[in-house]
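Novice: Protein chains in written order, with full-length UniProt numbering: chain A, 1 to 328; chain B, 1 to 125.
Source of the hints: derived by calculation from the structure; they are not laboratory data. You may find that some hints are simply not true.
In silico DSS-like pairs for lysine-lysine, Cα to Cα no more than 25 Å straight-line [unchecked claim]:
| no. | chain 1 | residue 1 | chain 2 | residue 2 |
| --- | --- | --- | --- | --- |
| 1 | A | Lys62 | B | Lys40 |
| 2 | A | Lys291 | A | Lys113 |
| 3 | A | Lys123 | A | Lys256 |
| 4 | A | Lys62 | A | Lys28 |
| 5 | A | Lys113 | B | Lys40 |
| 6 | B | Lys40 | A | Lys41 |
| 7 | A | Lys277 | A | Lys233 |
| 8 | A | Lys135 | A | Lys28 |
| 9 | A | Lys291 | A | Lys301 |
Derived, one-sided and incomplete: chain B residues facing chain A with beta-carbon distance under 10 Å [stated by the list, open to error]:
| no. | residue |
| --- | --- |
| 10 | Leu7 |
| 11 | Asp11 |
| 12 | Ser23 |
| 13 | Cys28 |
| 14 | Arg33 |
| 15 | Ala107 |
| 16 | Thr111 |
| 17 | Glu112 |
| 18 | Tyr120 |
Note that CB positions come from ideal geometry on N, CA and C, so glycine has one too.
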Amino acid sequence: MTLTRNIHVLVVDDVILMCDFLYGVVNKVAGCRAIKALDGKAAAEYLGNERIDLLITDIEMKAPSGLELAQRVRSGMFSQTPYDIPIIIFSGNAYREVIEQSIAFDVNDFLVKPITSAGLTAKIQYHLQHKKVLKPMSHYAQLVADVDYAKAIELPTEDRAFSVAIVRELPEPKADDVDQREAASKAKEKKEKKEFLVWPEHATTGYFQLDRRMRNFAFNVSCFHNVFVENCKPVAIESERKRACEAADYLFHISKNIKQKDNRRDFWLLFQQRLDKLQPHVKELNSINIKHHSQVLVLLKRLAYWWMQTCSRPLIQINEVTHETADE
Amino acid sequence: MNKPASLVVLDLAILIDMYGDDSADTICPALSRFRSEASKYINQLQHAVVQQDHAEIARLTHSLKSMAGLIGACQLMEWSQLVEQAAKQRDQTMLANHLPELTTIWAALQTELASSLLLYGSADA
């Protein structure tokens, strides 16, 4: 479907490079004209003085933040911009509070960086063609006005827990003596050197079943990597490739099962995004010709990057209660 | 979490994937702009470290993380992630461990940026 109208898209990010990237992506979408703002204040001026049809904003900026902009839009505080425009917000960090607020204010999409040009284009086209059902403007205005709510929606401070995480850390085990600690440290270093993908020690997604599948996936991809770079016999490489793909399938399968039975919506919103990004890599791993050495290396790099992204979300503090379900 | 040093310094495949374009017209301006912008952030970061301004360290590393992720500067991105978290948690030990790594990571990245720009025929190399 082609967008024929001249759609004004406001992109907001306080990092110039990122803002320019967003600006370039939006201007390539048929029918869209991008306007860029490098902070929330400039963005608020555009929203108040021009009719904006779509808002794409980063969250973490000096006041007003991206989330505050979204709240003001939904509350009808901007005279020129309708309250029901699509809003896409994104961030490098995904805190539970922020996701909850995004849901409360019916933000159309919450994206976690990195965002590709193709991914963002698809999101823009989707949200311009699919209208989200919103509550009346007064509902959002009431939310903003509610002092208790306002207190509850403060962005996390240094003293508060990082409450949403793909991975969170558990307390370090207490070694009885220095020798034990040193031995453990050496073993860990040795293990990390050997493995291509490493599941951080004492880390958990909050689901032991998922942790196990993640570890299994990391192990099998590492095995594939090792036999490939060591130039082992093709039959060994094929065998490890098959195991790695199976491990990925198990991961997809167990994720789907737990997701159906669990209501940690914020977690699954993020984790599903990560799985969606993994799908094409696994498909490629399944079909790639192992004789094409450079292509396999590129794919391995992509898998390593995916792994790094997935295992490096903000960590929850040690004293958080873990959410575990037993579905196996 | 991977150690920054174990990751590639600059992965242009990521940049190409992010921008959806592998032409020199896209790659060269992105790399040049990144080099110029990141230098400013790193200078500010060094100042914030001297001032022991944790909020500013977290803010700057958060931005550096975004920029590095956009162009495929994997080591710098991972390092920024570690330092951002340490700063938010005011973890002095973690900061003391990781802050000195920036010099090496940034030097390696500058070398890679220069060679990539040269490879793509940029006058800015």
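Novice: State for each hint whether it applies.
Specialist: Hint by hint, here is what the structure shows:
no., hint, verdict
1, A:Lys62 x B:Lys40, "holds, 18 Å"
2, A:Lys291 x A:Lys113, "violated, 33 Å"
3, A:Lys123 x A:Lys256, "holds, 23 Å"
4, A:Lys62 x A:Lys28, "violated, 28 Å"
5, A:Lys113 x B:Lys40, "holds, 22 Å"
6, B:Lys40 x A:Lys41, "holds, 22 Å"
7, A:Lys277 x A:Lys233, "violated, 30 Å"
8, A:Lys135 x A:Lys28, "violated, 32 Å"
9, A:Lys291 x A:Lys301, "holds, 17 Å"
10, Leu7, "holds, 7 Å"
11, Asp11, "holds, 6 Å"
12, Ser23, "violated, 13 Å"
13, Cys28, "violated, 14 Å"
14, Arg33, "holds, 6 Å"
15, Ala107, "violated, 20 Å"
16, Thr111, "violated, 19 Å"
17, Glu112, "violated, 14 Å"
18, Tyr120, "violated, 18 Å"
Violated hints for the displayed structure, listed by number in ascending order: 2, 4, 7, 8, 12, 13, 15, 16, 17, 18.
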